[in-house]
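Chain order of the listed sequences is U and C. Under this note's numbering, the first residue of the first sequence is numbered 1, with each subsequent residue one higher. Under this note's numbering, the first residue of the second sequence is numbered 1, with each subsequent residue one higher.
It is worth saying that the hints were derived from the structure and are not from the lab. Glycine is no exception: its CB is placed at the ideal position from the N, C-alpha and C atoms. Misleading hints may appear alongside valid ones.
Claimed, not checked - Label-pair restraints from in silico Cβ distances:
#1 U:D14 <-> C:A108: 41 to 51 Å
#2 C:T8 <-> U:H138: 22 to 32 Å
#3 U:P88 <-> C:A113: 26 to 36 Å
#4 C:H89 <-> U:R125: 50 to 60 Å
#5 U:S117 <-> C:N74: 22 to 32 Å
#6 U:S117 <-> C:K73: 25 to 35 Å
#7 U:S7 <-> C:G13: 54 to 64 Å
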Amino acid sequence: MTGSKASRITYTLDSSLDSVNRVEQTAEQVAQKAGFDDDEVFRVSMAAREAAVNAVLHGNAYSPDKRITASFETTPKSLVIRIADQGPGLDPATLPDPLAPDNLLRGSGRGIFLIRSFMDEVEFRMLNPGTELTLIKHLVSA
Amino acid sequence: MSSVKISTRQVDGVTILDMSGRITLGEGSVQLRDAVRDLLAKGQKHILLNLGDVTYIDSSGIGELVSAFTTAKNQGGELKLLNLTRKVHDLLQITKLYTVFDVKDDEASAIGAFKK
Numbered sequence: 001m002t003g004s005k006a007s008r009i010t011y012t013l014d015s016s017l018d019s020v021n022r023v024e025q026t027a028e029q030v031a032q033k034a035g036f037d038d039d040e041v042f043r044v045s046m047a048a049r050e051a052a053v054n055a056v057l058h059g060n061a062y063s064p065d066k067r068i069t070a071s072f073e074t075t076p077k078s079l080v081i082r083i084a085d086q087g088p089g090l091d092p093a094t095l096p097d098p099l100a101p102d103n104l105l106r107g108s109g110r111g112i113f114l115i116r117s118f119m120d121e122v123e124f125r126m127l128n129p130g131t132e133l134t135l136i137k138h139l140v141s142a
Numbered sequence: 001m002s003s004v005k006i007s008t009r010q011v012d013g014v015t016i017l018d019m020s021g022r023i024t025l026g027e028g029s030v031q032l033r034d035a036v037r038d039l040l041a042k043g044q045k046h047i048l049l050n051l052g053d054v055t056y057i058d059s060s061g062i063g064e065l066v067s068a069f070t071t072a073k074n075q076g077g078e079l080k081l082l083n084l085t086r087k088v089h090d091l092l093q094i095t096k097l098y099t100v101f102d103v104k105d106d107e108a109s110a111i112g113a114f115k116k
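Here chain C stands alone, though its shape is the one from the complex (with noise of 0.2 Å):
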């Protein structure tokens, strides 16, 4: 089972990560959490996460998510989700975390929609 990928690009000063893959514990969690740690120490607060070619997420990916989540607001930076598959929709509704995230299925809007 192949674990997750991740391509970085800056659009108008919003870095997006375009993900591919499976966020699961193990591997896929951490490199999702070195990402975002890494974008957040070197000053990039505006973070969207396309998660468009993520083929699966389990219970460890969606702690991830949460957690990359928090610790981008704690440190006065936001993190916005992008292009969520069927499944990952789903996930998110079932937990109650759909309406905690800010997401968006339109790349231009969502670079729009940080505060900058």
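Next up, chain U with everything else stripped away, as it sits in the complex (with noise of 0.2 Å):
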């Protein structure tokens, strides 16, 4: 693993699917650039996807007057990417678990699901407006 310096990367996107594909693009960049092995940049890259489409989808619903926020940082323990949104605000508490028999075959509410299970830690923080999610993968093993 690399990564002995702290290093930032922050944009401002339009609620858009161009936005989406950068925010995954960027997170493949920055993780492969960590030294994590290409499941890891997968898992990476997907999980930052999914709370980008988040983002862009069901928090600024494409408004073009919203914008979210994307940030990659590297630091010596971790890998750190905060996406944030201005929508009307995300209470994780209230999503179904996508894999309860009811909800198998559901043809939406997979993607916070997916970014739990490919990161170390997510966090969620409400914001007024919007909604902040902070993933976490640790460059080492605890």
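Fit the two chains together into the complex; they arrive one by one in their own frames, and the hints show the way.
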């Protein structure tokens, strides 16, 4: 693993699918640079994509007046990705379990579950307005 | 980022959709939805999705696979998956969908498994 120095990139992006793709691509590049193997790079970039989809689609509802903020920080111990929107706010406690038998065949509702599956830590912070998701992947396994 | 490409062929009463690229929120998911709906509307109810060249699928794409599966089933059809890449296989495992779908890794046996 590399990453003896901390580095940080921050973007403010419009509420579009292009922004989602940019977040995914940046996460992929940052994770590769941090020294993760291909499988972990995939997991990190997919988690970042899902967080960006939530921000653009469910948070900002594609509003041209709202922005998402994406930051990527590599510290000696972790890769930290923060995605924030300006939407009405997301309470993770209200999210249905996509693995429950009644929900298994639903056409949506797996994004946050995948983020939690792929990252070591996931934190939600309510903004006013909006939600910030912090996704953390440790560089060295505990 | 390029979206999904879909080409269609018929083998022994089964419509095979050879898919390549990314099935993600937006164009990729919509293309899959439209392709399956068109087939069902035309009465082609035995559908095999060949995902061998699908490089990436997100939660929206997974949801679209589920919707395609249930839509086909609700209309008296069958939809099976063929040639999953390791990443797609892993995603279906994590989401507990692997056992929901009928997943095949051989085209001939997949075609033979449809109830005709």
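Hints, one by one, checked against the model:
| no. | hint | verdict |
| --- | --- | --- |
| 1 | U:D14 <-> C:A108: 41 to 51 Å | holds (48 Å) |
| 2 | C:T8 <-> U:H138: 22 to 32 Å | violated (45 Å) |
| 3 | U:P88 <-> C:A113: 26 to 36 Å | violated (46 Å) |
| 4 | C:H89 <-> U:R125: 50 to 60 Å | violated (34 Å) |
| 5 | U:S117 <-> C:N74: 22 to 32 Å | holds (29 Å) |
| 6 | U:S117 <-> C:K73: 25 to 35 Å | holds (27 Å) |
| 7 | U:S7 <-> C:G13: 54 to 64 Å | holds (57 Å) |
When held up to the earlier numbered hints, the structure conflicts with 2, 3 and 4 and fits the remainder.
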